[in-house]
Amino acid sequence: MADQELQVSEKKEVAPAEGELTHEGIYFTPAVDIYESPTEVVLLADMPGVGPGQVDIDLKNDTLSLIGRVGGKPEEGSSLLAEYRMGNYFRNFRISDVVDREKITASMKDGVLRLVLPKAEKAKPRKIAISSE
Amino acid sequence: MPWWITGRDPAWGEFERLRREMDNLFSTFSRDLSPSSLWRESKLFPLLNVTEKDEAYTVTAEIPGMKSEDLEIKIEGDTMTIRGERKPLELKSDESYHRRERATGVFQRSLTLPGNVDSENVRANYKDGVLRITLNKRKPPKSAQIAVTTE
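From first to last, the protein sequence lines stand for chains A and B.
Numbering of the first sequence is given in the working numbering, commencing with residue 1 and proceeding in unit increments.
Numbering of the second sequence is given in the working numbering, commencing with residue 1 and proceeding in unit increments.
Accuracy of the hints is not assured; some may be wrong.
Claimed, not checked - Residues from chain B that face chain A, not an exhaustive set, calculated with beta carbons under 8 Å: (1) K43; (2) V50; (3) T60; (4) G65; (5) R86; (6) L89; (7) S93; (8) D118; (9) V122; (10) A124; (11) G129.
By construction, these hints were calculated from the structure, which means they are not laboratory data.
None of the values given here were measured: they were computed from a predicted structure.
Yeah, the Cβ is synthetic: ideal placement off N, Cα and C, and Gly gets one too.
Next comes chain A alone, as it looks inside the complex (with noise of 0.2 Å):
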């Protein structure tokens, strides 16, 4: 396992059906690794370029958006070589009544969004602040 050769996987570009984006620009499916323990679910993101102040996570009814804007600028000069594009983030995930809302935290740390989603028995819709590191 250790020595598995890590595999090049294109950014696949979200459907404009998917979402109702009102901001400009691409946007791609960030990966996620999602695990479960007895006491809480926690959600990864790949989201590469994505500073912590530069994510937004929007929980309405039982879905749970989330939205990564790239920061940096395209690098100045001229291309010798594209082999990836750059761009925001999107992605819808549907919350169980399993998750405790209010208690929901994240963090973004080298292009990595982490979502933790304590479980509990409420089910009250609300934004979620995001913490930097």
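We have chain A; now place chain B onto it with these hints.
For chain B alone, kept in the frame of chain A given last:
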């Protein structure tokens, strides 16, 4: 169909001209050793973008979730190698995956640098999951005027 197509002329002459042009084009490519011809596209991780400015080249790569000590950049001769490992999460026995999309594993990618890179003057920086390597160009020697003497 006009009669002259079977008559080898002038359509045949046009073919010949195109063929000669193609040959010229390919030999131009193989002779081209300009800096821009050194950056080759590949499907190896990490994907790279390279830009050139007057004084430097910039190589960027998206490698989220790394520790900078797990990234290694080496320059040997005219070859730069980017190497590292994206380690998998270590889950406890009572934790289980619902979804696993983020790729893990080791990676290595080598690039041939243009001759005008000053390999002593390379900077790398890792921020928000993006690796950015600045390769400064060697300063061209100062121009000198050579006087021609007559005898």
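Evaluated hints:
no.	hint	verdict
1	K43	5 Å, holds
2	V50	4 Å, holds
3	T60	6 Å, holds
4	G65	4 Å, holds
5	R86	6 Å, holds
6	L89	7 Å, holds
7	S93	10 Å, violated
8	D118	17 Å, violated
9	V122	16 Å, violated
10	A124	15 Å, violated
11	G129	2 Å, holds
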